[in-house]
Structures are given as C-alpha cells and as structure tokens.
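**Student:** One-letter residues, chain by chain:
There are 2 protein chains.
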Amino acid sequence: MSKELVFGHQNPDTDTIASAMAYAYYQNQLGYEAEAVALGEPNDETKFALDKFDFEPLRLIETAANETDQVMLVDHNEPQQSVSDIDQVTVTHLIDHHRVNGFNTSAPLFMSVRPYGSVSTILTEMFQAKNINIPANLAGMLLSGLISDTLLLKSPTTTDHDREALTYLANLAQVDANDYGIQMLKAGTNLAAKSDEQIVDGDAKTFELGSSKVRIGQVNTVDLADVFSRQADLEATMKTLMDANGYDTFLLVATNILDSDSELLFVGANADKVEAAFEKSLNDQNRMDLPGVVSRKKQVVPPLTAAFEN
Amino acid sequence: MSKELVFGHQNPDTDTIASAMAYAYYQNQLGYEAEAVALGEPNDETKFALDKFDFEPLRLIETAANETDQVMLVDHNEPQQSVSDIDQVTVTHLIDHHRVNGFNTSAPLFMSVRPYGSVSTILTEMFQAKNINIPANLAGMLLSGLISDTLLLKSPTTTDHDREALTYLANLAQVDANDYGIQMLKAGTNLAAKSDEQIVDGDAKTFELGSSKVRIGQVNTVDLADVFSRQADLEATMKTLMDANGYDTFLLVATNILDSDSELLFVGANADKVEAAFEKSLNDQNRMDLPGVVSRKKQVVPPLTAAFEN
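Protein chains in written order, with the UniProt record's numbering: chain A, 1 to 310; chain B, 1 to 310.
The following block holds chain A by itself, in its conformation from the complex (with noise of 0.2 Å):
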C-alpha cells in the first residue's frame, strides 16, 4: 500500500494546516506511512504560527491520485471542499467538526466527527485517549488551529473540551495561549497586504444550499471600515469570481475579532433568501449588520440552509 495523503480543506486556515500536520503524525506513531499535504498556500495567519514553531508550509499537491489510491480527510467532508479529484481515492480516515453534507463513501472508513470548536481539539484528545506525546512543536500548531478556529475560546462553536486542549496545549507548548493569540489572530488581519481576491475568496467555501450554489467567504479584521472601504472592489470580484464558478449567490462575512461583530457583504441571487434566514434586511448598500456572529458554521451556514430549503 502506498502512502496516504492527509490534507484538510481547500483555502486552508490555521486549523486545517495544524490538524493535517498532527494527524499524520499521529499515524506515524501507529505505524502508519502518512504525509500531511495541503490544498493551499498558507494564510498570513497560518505563517505566523508556521514561523512561531519553527515549521515549513506543507507540500501543496492539486490532485491526489496521481501519488496515492487512499487519503485521510481533516476538517471538512463536503467533496467539494477537497481536493479536486477527491472522487479517484478512497478516504480511509476522516476527521471533522462540520455538518457532513454529500460525503458517501463505498466502504466503512475510520470517521469522528465531534460537534467541537477545532478539529485541534478533537485530535489532542485522541493524541490523549493513546497516550502518544504530543511535541512541544506540534502542540503549538494544535493550539493556534484551536484559537484560530474559536477566536480564542469567544466563538460560540466553543466547547468545554476546547477550553481543556487549549490549557493542556498551551502549557506543552509553553506559550501564554492569550498573548500568543492575540498576536496569531491580529497577523492575520493585515487587510492592507491582501489584494481584493484574498479578501473575499481567500477563506471562503462552497455549499450546496437547497438547489443554490453559494460561496460564503469570511475575512477577520480589527477595524470593520478597513474592509468596506474597499467595498466597490471587493464587489468587482466577488461578481467575477461568481460569474466564472457558476456561485449563485456570494456573500462575504467580515468579522471583528475584538468586538465579535460581523457585518455582511450580498452579491448575486436570493437577497429574500439572505434576509429571510437572518430575519433582516439588507441594507441600501447590499451590507447587514449580524451582532454577536462570528461562527460562520454554526451562525451563518444552518441558518442560510434552513431559508434556502424552505
């Protein structure tokens, strides 16, 4: 058997990169000839804690089963979220915290989806359930996909198991979890650096919503005017982005880390979709204030599927 590919979801973030990283570690542990890949360049936030833990980015690969008959899938399950020709492969493995949507497979595989705020957190526990140690290194990347996935436990998607790994993860790192954060969260938000594309599409995922194709992108930032004052070239390319993948509607969900607002940019069809799931408005500007959002899997997605499927 050759070796199998672990790698987390398209656009990669903190989380993706971590878990792929301590998945196939964790495999190599058991025995098992695992390299973690990712589908992407990292993030700038992803680099910070890349540099901070003394890491190289992952091998970027475009297809896999050029190199590979089986794969192990970290923090996404939903096909078109993965590697492009994910159908050519089996998924042996699979380790999630999103909703599973359109994932089928032919056989039983090795799956654990938890209803937790990072995938980070779900492998540190079962690094714990097999008492396999975790490296000071590895422990660091495990904590910045944890805080970058919760916001540093403010996301409501947190969970009582996520405030343990981050303590049990923090102290193997030996890092201040809330210094290091703050410092992680803020690298990632230097707009200024980004070009339009990475703003809107830089973090953004398909769904399936209903019988609408809609791409939601999510962009944190420390200032919500850094990002709409830009708003007529964000616009610009979130429409050519749309016209050229077929997306039907696409919305970006700018998000202020230190306040935990989010205001929302619409483009496309379905405004009364849009207004209906959030019970709002749109604005003359195509923009609504969401107070309070900043999960776009558990605040933005089931409400957005429950107005499109009605």
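Check each hint, because a few of them may be wrong.
[To be verified] Below, computed lysine-lysine pairings styled on DSS-like, alpha-carbon distance capped at 27 Å:
#1 B:K154 - B:K280
#2 B:K298 - B:K47
#3 A:K154 - A:K52
#4 A:K186 - A:K52
#5 B:K213 - B:K280
#6 A:K130 - B:K130
#7 A:K298 - B:K3
#8 B:K154 - B:K47
#9 B:K298 - A:K3
Rather than coming from a laboratory, the hints here were simulated on the basis of the structure.
Position chain B against the provided structure of chain A, taking the given hints into account.
**Tutor:** Frame of chain A; chain B shown alone:
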C-alpha cells in the same frame, strides 16, 4: 429538551438491538435522557438473546417526530434504512460500522464510524474509554450482537477489535462464547417456522446503487437446501415486494453459517450488473454460488456498487 430516542435500522438484527440498548444505557450513565427503541420486532435470533439475558423486547416506534426532536442512530446511517420521518428530526449522535451514504446534517454532530465487525464492538470500546461498567446482562447482549454480525468471528469483516471485545464481553457475561454463539446463530436459522416474506425480507435493506433501487435480503441457514426447496414461493414473494415498493432489483443472499458459503437468488432487472459484480454468470435458475461470501456489507454491496455505478 425532551428525551432522545436511540434506534438502529429497519428489520432490526441482533447487533442493531443490542447497540441501541447499550448506547441508551451509556448515555444514561453520562447523565442524558435517552430511550432505546426499535423499528421492528426482534427476529428469532434476537429473541433467543433477549430471553437468555432476561430482557424484554424494545418498544416499537413507527415515527420519531411525534415524541422527540432529537435522535441517536446506531448501526445505520442511510436515510432509507432509518425511521420513516428521519428528515423531521435532528440526528445528534451516530455510531455505525457501515459505508456512509446519503447521510446529511445541517449542523455538526457526534459521529463515530469504525470499520469493525459490529457496532457492539465500537460501543464496548467506548464504555472502556470512559471507564463505565457494563452490567453482565447488557454485556451478554453486546456479545450477541458481535457474534451475530461477525458469524462468531468468521466473517471477513472481523477485526482484532472484535476478537478482543468478544473475550472481554464473554467474561463479563459469564458465558462460553463459542457454545452460546452456535446456539444463538442456530436459533436464527429455523426456516421451517418462517414465512416466505420473513425469509426474503426479514433482514433486507434497500441500497441506492447508481440510479437503481436494489433490495438485498440475507438469510442464515445450516443447509442451503432448506432455502432453495422453497425457491418458487420465495421468488413470487420477492416479485410482489419489488412491485409494491418500486425496487429495480431484489437479491436474496442465503448464507450457510456452518461452512461460510452463500448462494444468491436474483429477481428483477440488472442481471448484467449483478453478473459483472461477481464476475460470474447466473445459472438457469437465476442463482449464483458465492463460495466464501458471508458479509453483505463487505463482500456483496461493494462489488455491486462498483458494477452499478459503471
């Protein structure tokens, strides 16, 4: 929050009943309100196990949404194998050992799929991981589910996890696994007492293969002649069920549990695909020897899936 219902698949077998009982107990020990129920009457084998370990049959339900919003599934995930109104309730937990197919949620859940021989084995490991004691009579039911699904460890679905769990559970239940297992398996093979419909449909499941709806029944016996002496009546019943339920194809796998061989009976469309799946021809009685085949999940569904999707 109302009490959650815990149940396995339609046409329940011993592993589905045992794992519903054990998972409800497990959740109760963790402080959650959960009740094990069943989607059908226990079969003869399951009745033998329930009698032996002094349990009443589970309460039957026909729908779930009339009594709860949330359910936990064991031993299945495909919606057409579940309760009829599964789309009206939220699945919060799922423990399974089958392929994942057509199972979609709108939010993250607790989902553990393992490629083990039985769900009883997965649950045994979950009890061990949380240091929850398994009462002797519940261990007896889990042992029964494990023996049933692995044909006393002879099925190719058997893993080292199952072998270890069998020893552990037999010790807790204070029975000899081999003696008890043969008795229990034989109790399920009294074909003279079964109607034609019980034989062809009692353990049947529906699979969406390619664009076809394929019904696959399986019956255990200690003499294949006991099944095929009734072939004309069984075929008539399969045709009636096929017409009434819109199946394109109906297969009955008759399995000799003593020598671990099967013979297939075919009714309906797609003979070419069935022949392609097993790389051999149906004989002039629409039957096919399948030496060494005992597992529908591992040896029947995967080749059919490949053949129907080509």
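**Student:** Give me the numbers of the hints this structure contradicts, sorted from smallest to largest.
**Tutor:** none
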